[in-house]
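Student: One-letter residues, chain by chain:
Protein chains: 2
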Amino acid sequence: MLNVQDRDVHQCDSGWVPVFVDQDKSIALMSIGFLLEKPDDAVVWRGPKKNALIKQFVTDVTWGELDFLIVDTPPGTSDEHISTVESLRPFKPLGAVLVTTPQAVAVGDVRRELTFCKKTGLRVLGIVENMSGFVCPHCSECTNIFSKGGGEELAKHAGVPFLGCVPLDPQLTQSLEEGGDFLQEFPKSLAFSALTDIAKHLLTEASTCSS
Amino acid sequence: MLNVQDRDVHQCDSGWVPVFVDQDKSIALMSIGFLLEKPDDAVVWRGPKKNALIKQFVTDVTWGELDFLIVDTPPGTSDEHISTVESLRPFKPLGAVLVTTPQAVAVGDVRRELTFCKKTGLRVLGIVENMSGFVCPHCSECTNIFSKGGGEELAKHAGVPFLGCVPLDPQLTQSLEEGGDFLQEFPKSLAFSALTDIAKHLLTEASTCSS
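Residue numbers (this note's numbering), protein chains in the order written: chain A, 1 to 211; chain B, 1 to 211.
With the rest of the complex left out, here is chain A:
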C-alpha cells in the first residue's frame, strides 16, 4: 500500500531503523514483513513469539520523536491486542480507533472490541464505518452493499464519538494497489473528503485527550 515492499530494516547501535516512506522522513514504518526473507513466507507463530516481537517493535525500534504512533491490529481481542496494550501502557496511549463495516455481524465483533477497551482501560477515541455505501460511477446511484448506519448506531449506543463513514471507492483501491498517493491523485473522490474529515475529527478528539 505504501510502495515499500522491497525495503529493508537496518540495525544500528540503538536498535532497528524503521523504513521511511517518504523523502522527508515524515512517516516511519515497522512491520514483520520487512523481516521475512521471502514475501510469501508464512509467519507460523503462536502467541508468545508474536508478543515478544510486539514488545520489540515498541522498545527496540529507533522511532525518534513522534507526533503519533499508530498500531494497526488484526480484528479480535487476543494476544496481539493484549500485548500491544501492555507494551504501550508506560507511554500512556491516547486511545483506540475502532473500525467496523455497517452490517450486524461486523458491528457485533466491534461491540466486543469495545468491551475489551473497557476491560483494559483504553479510551475509545471513536468509531469509523468503513465500506459504507457505494456510488456507482456509471449512474451516480448509491447502493448500501453492506447495509448502512451500523457504525453510527453503535457509537451512539456506546456513548463514544462517531468519526465518520468511508464509502467503497474503486479509486482508493487503485491507489492502494499501486502504492500511489491517494490524496494527491484523487482529491475529488468521495473517499478523499471522508478520510480528511475523519482525520480532522480524530485530531480534535486526540487533542482533548492529551490536554
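Watch out, some of these pointers could steer you wrong.
What the hints assert, rightly or not - Here are the simulated lysine-lysine pairs, DSBU-like style, with alpha carbons at most 35 Å apart:
{"#": "1", "chain 1": "B", "residue 1": "148", "chain 2": "A", "residue 2": "38"}
{"#": "2", "chain 1": "A", "residue 1": "49", "chain 2": "B", "residue 2": "25"}
{"#": "3", "chain 1": "B", "residue 1": "49", "chain 2": "A", "residue 2": "119"}
{"#": "4", "chain 1": "A", "residue 1": "49", "chain 2": "B", "residue 2": "118"}
{"#": "5", "chain 1": "A", "residue 1": "118", "chain 2": "B", "residue 2": "55"}
{"#": "6", "chain 1": "B", "residue 1": "49", "chain 2": "A", "residue 2": "38"}
{"#": "7", "chain 1": "A", "residue 1": "118", "chain 2": "B", "residue 2": "49"}
{"#": "8", "chain 1": "A", "residue 1": "148", "chain 2": "B", "residue 2": "188"}
{"#": "9", "chain 1": "A", "residue 1": "38", "chain 2": "B", "residue 2": "55"}
No wet-lab data here; the hints were simulated from the structure. Quick caveat: nothing in here was measured; it's all calculated off a predicted structure.
Since the structure of chain A is provided, determine the placement of chain B on it from the hints.
Tutor: Just chain B now, kept in the frame of chain A:
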C-alpha cells in the same frame, strides 16, 4: 447469520450437544458465541486457552455422523490455525478452502496461507475470490470495486484449483443480516449461481480427494 444467536449449548453424558440450525437437524453448529453470558462479552484469551477450546470443539462435541465438518477460521497463520490442523489431523481432513478478495494486499495474505498449508501438509482444495465485482442494481453496469482477478491468478500461480468468484451482492448481505435463507429467497441473484457453482466444484474436488 444463521438466526441462532439466542440458542444455548447443552451438556449430555457424551459431551456438548451442538446447536441445530434447522428442524431436520441437517446443520449442527458450535461456536464460542454460545458459551458467553452476554453477546457483548469480549473473549480476552491468549493462545493456550484458545487452543484448548479448539481441541474441545473437535473432541468433546457430540457431532454424530457428519458428511462434512467445516471450520471457519480468522485470517492468519497463528494459534487458531496450528491448533485446528493439529486437532483434526487424526481425522484426516480433506483440505483447506482459501478465500481472498481480489486486491493485491489481500492476495498477499492468502499467499502466506498457501505456504502455511504446504508447511503443515494440508491439501488446498481451492481458492475462492470474494467481493469480486459489483453489478449496480440501478444501471446494471459492473464495477470492480476491489480490483479483479487476483484470486484466479493466485490459483494459477500456485497450481491449485480456482473454485470461482462471489460478487458483492446487497441481497446476500440482507439475508445474512436477517438470518434468512438466501438460496430460498433470492434464487435469481448473481451470488446465488456463483455460490452453487462453487459448492459443486468443491464437492468434485473433495470426492477426488477422499477416493
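Student: Which numbered hints are broken by the structure, listed smallest first?
Tutor: Hint 2 alone not satisfied by this model.
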